[in-house]
Amino acid sequence: MADFEPKIIAFVCNWCTYAGADLTGTSRIKYASNVRVVRLPCTGRIDFMLLMKAFGRGADGVIVSGCHPNDCHYTSGNFHARRRWIVFRSLIDFMGIDVRRVHFAWVSAAEGAKWADLVNRVVSEVRALGPYEGYKRLAPVRADWRTRDAG
Amino acid sequence: MQDNMRRKAKELLSGGAVRVVIGYGEGSGGGVRALFVRKPEDADRLIYDERCVQNLAVYLTRREVKALGKPAIVARVPVMRTIRQLMIEKQAAEGDLAVIGVSSDGSLLDFPDLKSMAEYVSSIPFELSSDERAAVGKLEKMTAGERWDWWRGQFSRCIKCYACRQSCPLCYCERCTVECNQPQWISVPSHGLGNLEWHVMRAMHLAGRCVNCGDCSRACPVNIPLNLLTQKIIKDISEEFGDTEEYALNTFKPDDKEDFIR
Amino acid sequence: MGKNEYKPYLMRIAEITEETPDVNTFRLEFTNEEEAGGFSFNAGQFGEYSVFGEGESTFCIASSPTRKGYIECTFRRAGRVTKALAAREVGDTIGFRGPYGNVFPIGDWKGKSLLFVSGGIALPPLRCVIWNALDLREDFKDITIVYGARSVQDLVYKKELEEWRAKPDITLITTVDPGGETPEWKGEIGFVPTVLEKAAPASADTIALLCGPPIMIKLTLPVLSALGFSPGNIFTTLENRMKCGIGKCGRCNVGKYFVCKDGPVFTFAQVDELPAEY
Amino acid sequence: MEKMTIQAGAIEELFGRIRSGGRRILAPVDKSGAIVFDEISSYGQVASGYIQTTLSAKEAVLPRFEEILRFRSEGKGVVFEEESNKALPTVVFGLRPCDARSLSVVSAVFERDYPDPFVRSKIENTVLIGVSCAQSDEYCFCTSVGGGPGDTTGSDLLLTRIDDAVFLAEIITEKGESIVSMAQELFARAGDVDKNSHCAKVSRYFDLEELGKRLPAMFDSPVWDGQSLRCLGCGTCSFVCPSCTCFDIQDETDGPRGIRLRCWDSCGFAQFTLHTSGHNPREVQGKRWRQRIMHKFSYQPGGLGEAGCVGCGRCSRACPVDMNLLQHIQEILEAD
Numbered sequence: 010m011a012d013f014e015p016k017i018i019a020f021v022c023n024w025c026t027y028a029g030a031d032l033t034g035t036s037r038i039k040y041a042s043n044v045r046v047v048r049l050p051c052t053g054r055i056d057f058m059l060l061m062k063a064f065g066r067g068a069d070g071v072i073v074s075g076c077h078p079n080d081c082h083y084t085s086g087n088f089h090a091r092r093r094w095i096v097f098r099s100l101i102d103f104m105g106i107d108v109r110r111v112h113f114a115w116v117s118a119a120e121g122a123k124w125a126d127l128v129n130r131v132v133s134e135v136r137a138l139g140p141y142e143g144y145k146r147l148a149p150v151r152a153d154w155r156t157r158d159a160g
Numbered sequence: 539m540q541d542n543m544r545r546k547a548k549e550l551l552s553g554g555a556v557r558v559v560i561g562y563g564e565g566s567g568g569g570v571r572a573l574f575v576r577k578p579e580d581a582d583r584l585i586y587d588e589r590c591v592q593n594l595a596v597y598l599t600r601r602e603v604k605a606l607g608k609p610a611i612v613a614r615v616p617v618m619r620t621i622r623q624l625m626i627e628k629q630a631a632e633g634d635l636a637v638i639g640v641s642s643d644g645s646l647l648d649f650p651d652l653k654s655m656a657e658y659v660s661s662i663p664f665e666l667s668s669d670e671r672a673a674v675g676k677l678e679k680m681t682a683g684e685r686w687d688w689w690r691g692q693f694s695r696c697i698k699c700y701a702c703r704q705s706c707p708l709c710y711c712e713r714c715t716v717e718c719n720q721p722q723w724i725s726v727p728s729h730g731l732g733n734l735e736w737h738v739m740r741a742m743h744l745a746g747r748c749v750n751c752g753d754c755s756r757a758c759p760v761n762i763p764l765n766l767l768t769q770k771i772i773k774d775i776s777e778e779f780g781d782t783e784e785y786a787l788n789t790f791k792p793d794d795k796e797d798f799i800r
Numbered sequence: 006m007g008k009n010e011y012k013p014y015l016m017r018i019a020e021i022t023e024e025t026p027d028v029n030t031f032r033l034e035f036t037n038e039e040e041a042g043g044f045s046f047n048a049g050q051f052g053e054y055s056v057f058g059e060g061e062s063t064f065c066i067a068s069s070p071t072r073k074g075y076i077e078c079t080f081r082r083a084g085r086v087t088k089a090l091a092a093r094e095v096g097d098t099i100g101f102r103g104p105y106g107n108v109f110p111i112g113d114w115k116g117k118s119l120l121f122v123s124g125g126i127a128l129p130p131l132r133c134v135i136w137n138a139l140d141l142r143e144d145f146k147d148i149t150i151v152y153g154a155r156s157v158q159d160l161v162y163k164k165e166l167e168e169w170r171a172k173p174d175i176t177l178i179t180t181v182d183p184g185g186e187t188p189e190w191k192g193e194i195g196f197v198p199t200v201l202e203k204a205a206p207a208s209a210d211t212i213a214l215l216c217g218p219p220i221m222i223k224l225t226l227p228v229l230s231a232l233g234f235s236p237g238n239i240f241t242t243l244e245n246r247m248k249c250g251i252g253k254c255g256r257c258n259v260g261k262y263f264v265c266k267d268g269p270v271f272t273f274a275q276v277d278e279l280p281a282e283y
Numbered sequence: 003m004e005k006m007t008i009q010a011g012a013i014e015e016l017f018g019r020i021r022s023g024g025r026r027i028l029a030p031v032d033k034s035g036a037i038v039f040d041e042i043s044s045y046g047q048v049a050s051g052y053i054q055t056t057l058s059a060k061e062a063v064l065p066r067f068e069e070i071l072r073f074r075s076e077g078k079g080v081v082f083e084e085e086s087n088k089a090l091p092t093v094v095f096g097l098r099p100c101d102a103r104s105l106s107v108v109s110a111v112f113e114r115d116y117p118d119p120f121v122r123s124k125i126e127n128t129v130l131i132g133v134s135c136a137q138s139d140e141y142c143f144c145t146s147v148g149g150g151p152g153d154t155t156g157s158d159l160l161l162t163r164i165d166d167a168v169f170l171a172e173i174i175t176e177k178g179e180s181i182v183s184m185a186q187e188l189f190a191r192a193g194d195v196d197k198n199s200h201c202a203k204v205s206r207y208f209d210l211e212e213l214g215k216r217l218p219a220m221f222d223s224p225v226w227d228g229q230s231l232r233c234l235g236c237g238t239c240s241f242v243c244p245s246c247t248c249f250d251i252q253d254e255t256d257g258p259r260g261i262r263l264r265c266w267d268s269c270g271f272a273q274f275t276l277h278t279s280g281h282n283p284r285e286v287q288g289k290r291w292r293q294r295i296m297h298k299f300s301y302q303p304g305g306l307g308e309a310g311c312v313g314c315g316r317c318s319r320a321c322p323v324d325m326n327l328l329q330h331i332q333e334i335l336e337a338d
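Residue numbers (the numbering used here), protein chains in the order written: chain A, 10 to 160; chain B, 539 to 800; chain C, 6 to 283; chain D, 3 to 338.
Errors might be hidden in some of the hints.
[Claimed, not checked] Cβ-to-Cβ under 7 angstroms is the rule here; a few derived chain B residues that face chain D:
1. Ser566
2. Pro727
3. His743
4. Asn788
5. Thr789
Hints are computed from structural coordinates only; laboratory data are not their basis.
Virtual Cβ for every residue (Gly too), placed ideally from N, Cα, C.
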């Protein structure tokens, strides 16, 4: 799959990372266009089911990013999120889901360059991993019925 | 001890302190089953031995049982721990129920109120047994690919009967996320995707709350070792966050450590 | 492989009428001509309406078999499928499979009077009979319609209500719950049971059709029997959760009946026999 | 019905013939202690030493999920694609006589009024090789609902173990005949064999007609709430049951493409009869437990002419809180 372009979904917090991504644009910094950004008020609001739904709908990689600790517009949203990601990342790794496709980051509103670098790095890593075929074939609508993988 | 338990049950019922005693009675197939004693003279059907393992706290939040009036409940350590968690989550308050406690060495415990029961059970260290730790460790040593195949094999037997959810005392939501269809978070049919999404969500929604009573695995008709998931989370939480008065994911420490957020 | 009953007809939305802020009426035409030709139904039957990718929802066919070439359905935006339906535009394709269920025995009512009593969004299951009766007007003596809703805005088929009011050979009584009226409202003000009691239509040689929310049915039945209607002469359609519509998936099993297959049309004599599980 | 015998050692060869004849074989396999039907290639994989499988053979004709429609949206229109839900030629080996009988209950539901092409094609493409029960336990009550440990109803070929080396093989239908003719030399004519002496003894605990007559009047009896206090409302009893056929229909999409799936559902779940308006005719567990008994022992015998239960005892064995169906039926019959 030489020309495979991964589909990356980024769940970002509105106050820091989204603003950072905006800054990336206004500073004319080019970065991979594979990412589709979903804006949420805070990382505290990014439910782990959103990540599951992203993979369930065919994403190859997921980025979750928000304010650095102590920068949170809602004071403690990112602290709660951090605990959730520590538990969630370990759980899905324990269940064999490929955690190399799930990237967590803190990107502030001033770190436009960091956002571009983050996206480029994740896209290249996931491109190397190839499409998340194992996960996509779990759903019967995508299962290739000859291999009858959806069972 | 069984006779003391029966005497205690009779006292509570005839004194009018409670309207029903939830305990264990003889069942079929040489097993035991939950027993709802409402008349003092029926208390003699209450039994207690090593077969009595079901977490009876599951009945505390069921509307049909609540309709019977204030209950007393026969509670081993995991059941007491469940009641403490239900209190933290505002599902049970002082005076809602009486506890006929049974210590880990099988002696009867009497608590004046729920607060003292909660303190008693908090004093008992909450950790995985060596076998449980070994079972989790065995999976941790596998590669991610091997774990994926192993769990796919286990979940391929899942028929989404939700016995794991219905038998869990901490799965008391009126309408579970699985039953929401706007949006349809979890695919309803028991195919590869639906099963994986369901078991990830169930484990995560019990993170920091599960008391490791094992009823989910016991209830599973196709023997999927479900409590491995919640045990893995219990192990992670104690290693990462140490003991917390409140449950782990409801609070935080500013200096929680992690090595994967860039 | 035999006929796949779950494969719906593909229907084009020809017309959308917004009855109330959350109730729409769709006029559906067959995209395939032979299917249109081969299709027939009777008043009282229902169908499963599909939004592909969202699911199916169960409503009655609100139009009459006497009006060819299209079918109509009226639904409230309430769940996943109905919300998806409400988002559709004229020209879109949805699915319809049916007709399912039994029928109002209109043929047996020749020469009798008809009394329609309905509330809120329960007028559609009766409208198919009303249209049918109007198209065969001379078959029936007098026709009385008592229809009420929470407020003026909640009345469905507003345009038609005016048409029916203008017809000399129909007695139309519309009402809104107390407090639901607007300054220019000319109809009655009060709950359907009380308005029906005041109107006191004759019960001799008359068939009553009653559809509405459970509370309205509970309060209207005594009024009807006081007026001399026997349970065998009061017809209704039962409302159950349905998925397959063909008596297999088990949801609408009440007693020995499957409401989708043996109903939805029942007389209250039959309803009284049913276990109280609907 | 022809009575033959076949050596236990020859079954491996029979399997080989069946598979090379293009039929897959589903048989009971032990997976982490749960005995479930799965595709096998050799007789050695077949589980043994169990009384009844955990899940039933119903899956061969009514899978836990299957595709009933495949579609694609194009602009404002929709195009149907050919369903890929084709029945595979199958032999189900090792199901008990009660399971074989239950498939006629399943087929009766799906043949009535609107014949279901998916279930029908799977039944047509499936051959049932039953194995009589040598043992039974306190949960079995097949003889009370018209069956028996050696009952041939529903099976195409029924094996009964006579001793360690030999099976009695009763050919019941042409399908059974077609299997035997694949390996005629492996079968020998059986002398007179007293089959019942090799089958388990299952006593009759109650009379089915009596139960059917009693139930209608018990609709409002307090027995339902009393029995179902400990019931947790999961779907285990319905999903392990060989004759439960209730299902749900769900759509799933991937961009413009989508499929409509039929999957198992249970009257034990709270949402089974929940209306969008919030009204639920069966809002407490007692009413759902009542529906399970009424449907199988009163409504279905009335509607289909046969009970919706074959007495296999799976629901009682699998129930996490020991809802023992046989015991509860006996309680119902004793309740005045």
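Hint-by-hint comparison with the structure:
no., hint, verdict
1, Ser566, "holds, 4 angstroms"
2, Pro727, "holds, 4 angstroms"
3, His743, "violated, 17 angstroms"
4, Asn788, "violated, 26 angstroms"
5, Thr789, "violated, 31 angstroms"
Hint compliance for this structure: hints 3, 4 and 5 are not met, and every other hint is.
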